[in-house]
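A.B. asks: Heads up: the sequence lines are chains A and F, in that order.
Read the first sequence against the numbering used here and you will find it ends at 193, with the numbers running on by one and no gaps.
Read the second sequence against the numbering used here and you will find it ends at 1407, with the numbers running on by one and no gaps.
Keep in mind that the hints were calculated from the coordinates and are not lab data.
Take these hints with a grain of salt, some might be off.
[Claimed, not checked] Short derived list, chain F residues pointing at chain A, Cβ under 8 Å:
| hint | residue |
| --- | --- |
| 1 | Leu-1139 |
| 2 | Arg-1142 |
| 3 | Pro-1145 |
| 4 | Lys-1149 |
| 5 | Gly-1317 |
| 6 | Pro-1321 |
| 7 | Leu-1326 |
| 8 | Arg-1334 |
These numbers were taken from a predicted model, which means no experiment stands behind them.
Positions of the beta carbon are idealized from the N, C-alpha and C atoms, including for glycine.
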Amino acid sequence: MSSETLWYANRATGAVCLVLFTVVVLLGIAVRLRTRLPGLPRFGTVNLHRTLSLSATAFLALHIAVAVIDGYVNITVLDAVVPFVSDYQPLWLGLGTVALDLLLAVLITSLLRERIGHRTWRAVHWLAYASWPIALIHGIGIGTDTGTDWMTWLTVSCVATVVAAFAIRAAHSARAARRTPAALLRTAEGAHS
Amino acid sequence: MTTTTTFTDVYMSPRLLAPGGTAADLATHELRYGPLSYGDPDGLLRTVAESGLTGRGGAAFPTYRKLVAVADASRRTGRAPVVVANGAEGEPASRKDKTLLRLSPHLVLDGLQLAARAVGAGEAHLAVEDGASYLESALSQRNDPLDVKVIRLPKRFLSGQASALAQYVSGNAPLPRHQHPPVRERGVRKAPTLVQNVETLAHLALVARYGADWFRSAGTPNQPGSTLCTLHVPGREVRVVEAPFGLPLDRLLPLQGMSAVLVGGYHGTWISATEAAQRTLDAGNLGAGVLAALPTTRCGVAETARVLRYLALQSAGQCGPCLNGLPRIASAFRTLATPGPQFNTRQDVARWSGLIEGRGACHHPDGTVRLVRSALTTFATELDAHARGLCTATDPTPLLPIPNEAH
Chain A
1 MSSETLWYAN RATGAVCLVL FTVVVLLGIA VRLRTRLPGL PRFGTVNLHR TLSLSATAFL
61 ALHIAVAVID GYVNITVLDA VVPFVSDYQP LWLGLGTVAL DLLLAVLITS LLRERIGHRT
121 WRAVHWLAYA SWPIALIHGI GIGTDTGTDW MTWLTVSCVA TVVAAFAIRA AHSARAARRT
181 PAALLRTAEG AHS
Chain F
1001 MTTTTTFTDV YMSPRLLAPG GTAADLATHE LRYGPLSYGD PDGLLRTVAE SGLTGRGGAA
1061 FPTYRKLVAV ADASRRTGRA PVVVANGAEG EPASRKDKTL LRLSPHLVLD GLQLAARAVG
1121 AGEAHLAVED GASYLESALS QRNDPLDVKV IRLPKRFLSG QASALAQYVS GNAPLPRHQH
1181 PPVRERGVRK APTLVQNVET LAHLALVARY GADWFRSAGT PNQPGSTLCT LHVPGREVRV
1241 VEAPFGLPLD RLLPLQGMSA VLVGGYHGTW ISATEAAQRT LDAGNLGAGV LAALPTTRCG
1301 VAETARVLRY LALQSAGQCG PCLNGLPRIA SAFRTLATPG PQFNTRQDVA RWSGLIEGRG
1361 ACHHPDGTVR LVRSALTTFA TELDAHARGL CTATDPTPLL PIPNEAH
């Protein structure tokens, strides 16, 4: 396989990873908000989130494998796991590595969820919210396609949807925190008297 | 200050409460009851099984079965159990645990040591509401095989719930947890945990000393023994009495001039005075032993509305049906308590009760629904009168004790 093919494959899988992980984050928020997706039973949301996250991870593995195999730039297996030690673009590549490490933590704890307990799993799962933006910055910084129209539009729309979903989720949490027995009693008594 | 009374017409010498209403120190305690002998754990378990002692915290669960379950869980998991004496008494109308701890602390502490020994516990706690500083001095007089730590709980209705208590002893907020796995298998720091009401432990101390036959000499064959009751009679001081099961209720409460009796506290049931005249003390509905008489001059619906408002505010807010349902029911009951048009409120309350029952991690919604349903039946005529814009009560002053009630 020529280096050029590998380079194209790397760019393509990178873009696909962006889209897939964006959808995974959106689905994760949908699970938390108990959203029912059209045409699916309620448990379908969480199943889709799981399945798609595994597919996205497979694409990510391909993305990394291609980058390591490609001989045009020197990226070693070590560079893929330990951040900021590579010769090529240490900062931007390092960010991708950080995102990968966070993702691995989320992935492994999810696979072992039955054993480690819900609390630990949940605490680690918050790292997903850090992994996504770090991976995004890695893409913008290192991507060959940054600046092209299609990539700009793809990035902008991904960021916009995730920010919107996160805002809804935060508002939901804030509302739930305000729902105390005392507050609900005040509301109910206001409605009745 | 709560007064204690020995009922001379009850034909029972007092077992738990020191006569005269003075606290018993260790010397007096040993003089009265004799020394405590531990014996072997299996022998004690057998005696407890024969005595038929049940929990006095409200659920009336057989003590023997709980002890065996905790010991079994400890054998399975290989962890030494934790024993917690529950003197939290979050029920605002109950005073019996506080009274018992003040008057006979050593009886409770004897029982705590015995229970700890029976299950092979490595840790013992005594959980009480804030205050009760005399417990430390009582503990310092003793020479116990197992050290007892006094835990002071925040004053909340649900603090004494077994899983909430286990959480608090573990260092978390005193909130109820899911009942599976139960506290007896995974409680304080995930160790098998025995949570036993302080009155149960006091009975246990006596069963260990005097045997099962002595214990069964009071009460009925099905419900042996005696129990502490908190009696609320308007115009009198609140009293804590010890009475055998099977005693007619009219021996404990004057029923002339009364319209209804609240049996078992704020998770209990209202029964009419005529029904109360035919009832006896029954562990099945006595809860933690609260009996409150409602005179004909007061409005039972208004009293229930006050209690329901308190119960709604005391919800831990963890389970949706309880968090959303109890405030709704409480405010609807306030509408019912006000004479005037009711529309569908009574049907709504009945429907909502069915929706929240059995759907909490703890039994707070269930207990509240029990009170609601009994009020709807017992005060049906009063509710009809309210619907016509009348109230038969003449005295609007609040009766039942509610902590920090805002008007």
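A.B. asks: State for each hint whether it applies.
C.D. replies: How the hints compare with the structure:
| no. | hint | result |
| --- | --- | --- |
| 1 | Leu-1139 | 35 Å, violated |
| 2 | Arg-1142 | 39 Å, violated |
| 3 | Pro-1145 | 35 Å, violated |
| 4 | Lys-1149 | 26 Å, violated |
| 5 | Gly-1317 | 5 Å, holds |
| 6 | Pro-1321 | 12 Å, violated |
| 7 | Leu-1326 | 7 Å, holds |
| 8 | Arg-1334 | 7 Å, holds |
Checked against the numbered hints above, the structure violates hints 1, 2, 3, 4, 6; every other hint is satisfied.
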